[in-house]
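K.L.:
Okay, here's what each chain looks like letter by letter:
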Amino acid sequence: MSDPSPERERVGPLIRSPLDLAGGLFLIAIAVVGYAGTFSLSLGQLSDIGAGMMPKVVAVLVGAFGCILALQSFVVLGDGLARWGVRGPLLLLSAALLFAFAVRPLGLVIAGPLAFLVAALADRSTRFVEAVIAAIVATLFCGLLFKELLSLPIPFDPRDILGFLHGPYDALKVAIKGLVMAISR
Amino acid sequence: MIDLSDNLLLGMSVALSLQNLTLCFLGCLIGTLVGVLPGVGPIATITMLLPITFGLDPVGALIMLAGIYYGAQYGGSTTAILVNIPGEASAVVTTLDGHQMAKQGRAGVALGIAAIGSFIAGCVGTLIIASLAGPMTRMALLFGPADYFALMVLGLMLAVVLAHGSVRRTIAIILVGILLSTVGVDLETGQDRLTFGWNEIADGIDVAIIAMGMFGFAEILRNLETDQSQEIMKARIGNLLPSRADFGQSAMPIARGTLLGGLLGLLPGNGSVLGPFASYTLEKKLAKDPSRFGKGAIEGVAGPESANNASAQTSFIPLLTLGIPPNAVMALMVGAMTIHGIVPGPQIITKQPELFWGMIASMWIGNLMLLVINLPLIGLWVRFLKVPYRLMFPSILLFCCIGIYSVNNSAFDVVLTVGFGLFGYALIKFGFEPAPLLLGFVLGRLLEEKLRQALVISGGEFMTFLNRPLSAGLLALAALLVLIAVLPAIRKSRDEVFQSAD
Chain R
1 MSDPSPERER VGPLIRSPLD LAGGLFLIAI AVVGYAGTFS LSLGQLSDIG AGMMPKVVAV
61 LVGAFGCILA LQSFVVLGDG LARWGVRGPL LLLSAALLFA FAVRPLGLVI AGPLAFLVAA
121 LADRSTRFVE AVIAAIVATL FCGLLFKELL SLPIPFDPRD ILGFLHGPYD ALKVAIKGLV
181 MAISR
Chain P
1 MIDLSDNLLL GMSVALSLQN LTLCFLGCLI GTLVGVLPGV GPIATITMLL PITFGLDPVG
61 ALIMLAGIYY GAQYGGSTTA ILVNIPGEAS AVVTTLDGHQ MAKQGRAGVA LGIAAIGSFI
121 AGCVGTLIIA SLAGPMTRMA LLFGPADYFA LMVLGLMLAV VLAHGSVRRT IAIILVGILL
181 STVGVDLETG QDRLTFGWNE IADGIDVAII AMGMFGFAEI LRNLETDQSQ EIMKARIGNL
241 LPSRADFGQS AMPIARGTLL GGLLGLLPGN GSVLGPFASY TLEKKLAKDP SRFGKGAIEG
301 VAGPESANNA SAQTSFIPLL TLGIPPNAVM ALMVGAMTIH GIVPGPQIIT KQPELFWGMI
361 ASMWIGNLML LVINLPLIGL WVRFLKVPYR LMFPSILLFC CIGIYSVNNS AFDVVLTVGF
421 GLFGYALIKF GFEPAPLLLG FVLGRLLEEK LRQALVISGG EFMTFLNRPL SAGLLALAAL
481 LVLIAVLPAI RKSRDEVFQS AD
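Residue numbers (our numbering), protein chains in the order written: chain R, 1 to 185; chain P, 1 to 502.
Simulated from the structure, these hints should not be mistaken for laboratory data. No residue lacks a Cβ here, since even glycine has one placed at the ideal position from N, Cα and C. A couple of the hints might just be wrong.
[What the hints assert, rightly or not] A few chain R residues that face chain P, going by a derived Cβ cut-off under 7 Å, partial list only:
#, residue
1, 19
2, 30
3, 35
4, 58
5, 59
6, 60
7, 84
8, 138
[To be verified] DEER-style ranges, computed between Cβ atoms:
#, chain 1, residue 1, chain 2, residue 2, range
9, P, 4, R, 125, 54 to 62 Å
10, P, 287, R, 43, 51 to 59 Å
11, R, 150, P, 482, 20 to 28 Å
Same shape as in the complex, but just chain R:
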């Protein structure tokens, strides 16, 4: 595997391929969850396969491959563990989670820039002002595309808590629509 770690880390005397060991243990963990989650389901008979047959058989196979990988890590020389990023995954995935929790109550107009800015922090070269402008532009673009053009039911504005903005917002919307119509003519 060339992808995860270009530089081979120091391989200990016992474990000759840390990557295989980790991969194997990961597979075994998946297999355990898969088997435990279907433990109570019946296998059924061959002529009448039960709900548990497929997941259990597959889980056992996954586990078997996990064992092979884990065991071969003691024999076959292989790659070291890849380095895991912390900043990237943490910020990027939090950004998506923030979006998930903010979009219903607050709408795209808040959730969009929020997710954009938190995600942007994942990269060290991000510049603040540039990112804020891009966040606003991207959100407006998405609002226009998904809400106005495609009329998807995604909430755009925080109507519930900012009801007083409703009037000005609608007026703005009408104005923009009129403008677009005028241009397209």
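Dock chain P against chain R, hints included.
P.N.:
Same frame as chain R, but now just chain P:
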């Protein structure tokens, strides 16, 4: 033949409607853009844009999605030639000679021949689909559940052989995909499986969620860790139209690439990835002076690019005739079809001929459009490459979130996607290639269904898979493939083919 032209006429009448032409154009445009931008693959894009197609009729939706797919294949070559970064995995081979040509000031010629080769391949590919669809569909009707099961096993084994990583790891990851496919209420017994009390996944996990998590989110994470600064060609692109001598040198490679790619694309286990590699190897073997390859040989661009596009086209055949998606993108097309209430399989061609032939005709029109989009707009695509990744990836994330939210209007889906993003990241870090998982996931449900049906019919007799000549033959072929994959001698040459790309 009269049948064929009648069918194509029907298809044209559908595809040439103003709405479908526009959608085809939009799809090609977006696809090319996606192909040009490194770090946004066709899988993530199709998932992102699924909600856009909700409001369309099924034909229009599929025409647009197909356009994105082959547009991306096409656009990937632009970055491969200009920046030495394959916009798509399939354009890896093009970087070898294409970028060398660009360095020699022949970027325009490389782009031109790639576009022309792809166009020819696309046309032939469309004809292959149109002429094979009928016979393949009739053949599909002969398939019983046991044969379907065997065919899927064969397809998955092919995917194993063709995957980049080790055989053991790929089989394991496909099995994980199958395990994920069992999540949800079991249709026959009504029992909950692996839902752990979450009602939201009682209907199973949406393929869009897995695709977006593992290819949208995890891909961004992977890109963030690699240096995204790119050296953009400062040199002039030069004349786009290849000279007569260039054409002479490229004609046969284009023909051979088209044939090779078209055949490989038919294979049910992602044979399309092999097309460009096989074509490059073949051209190098046939060349009078193989040492020119890697130093800007035009055959090394013309052949693989044609093969790539031909296989992109013909990989629709297993999906449209047998209902079996041959690769991850086609797996998403199944998702798109399901949203629009279409069950992929042999019944499409008889029950919805306008959908089937409309889509095929649109592919030919789309290829023509790509030729028009790609060549004059190259300057525009190059400008897109200059957008820094630090602004691009938050936008991609935002698009992903809105897209996944809109599939079911569910914030929970976004959370689940985050989970799969983390899962995909972990898989990459543990050295697994995530693409086969998606294939296993999509085929998993069909696999279980057909296995159950076959065993009910045979009364629990497992020998039914070996007694039927069709399924026995397919299973034997699958076994042979595994054997081949683990034999050391052949493994070595397989690794060499992939190595020449790295």
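K.L.:
A separate judgement is required for each hint: does it hold in the structure or not?
P.N.:
Verification of the hints:
{"no.": "1", "hint": "19", "verdict": "holds, 5 Å"}
{"no.": "2", "hint": "30", "verdict": "holds, 6 Å"}
{"no.": "3", "hint": "35", "verdict": "violated, 10 Å"}
{"no.": "4", "hint": "58", "verdict": "holds, 5 Å"}
{"no.": "5", "hint": "59", "verdict": "holds, 6 Å"}
{"no.": "6", "hint": "60", "verdict": "violated, 10 Å"}
{"no.": "7", "hint": "84", "verdict": "holds, 6 Å"}
{"no.": "8", "hint": "138", "verdict": "holds, 5 Å"}
{"no.": "9", "hint": "P:4 <-> R:125: 54 to 62 Å", "verdict": "holds, 55 Å"}
{"no.": "10", "hint": "P:287 <-> R:43: 51 to 59 Å", "verdict": "holds, 58 Å"}
{"no.": "11", "hint": "R:150 <-> P:482: 20 to 28 Å", "verdict": "violated, 46 Å"}
In this structure, the earlier hints numbered 3, 6, 11 are contradicted, and the remaining ones agree with it.
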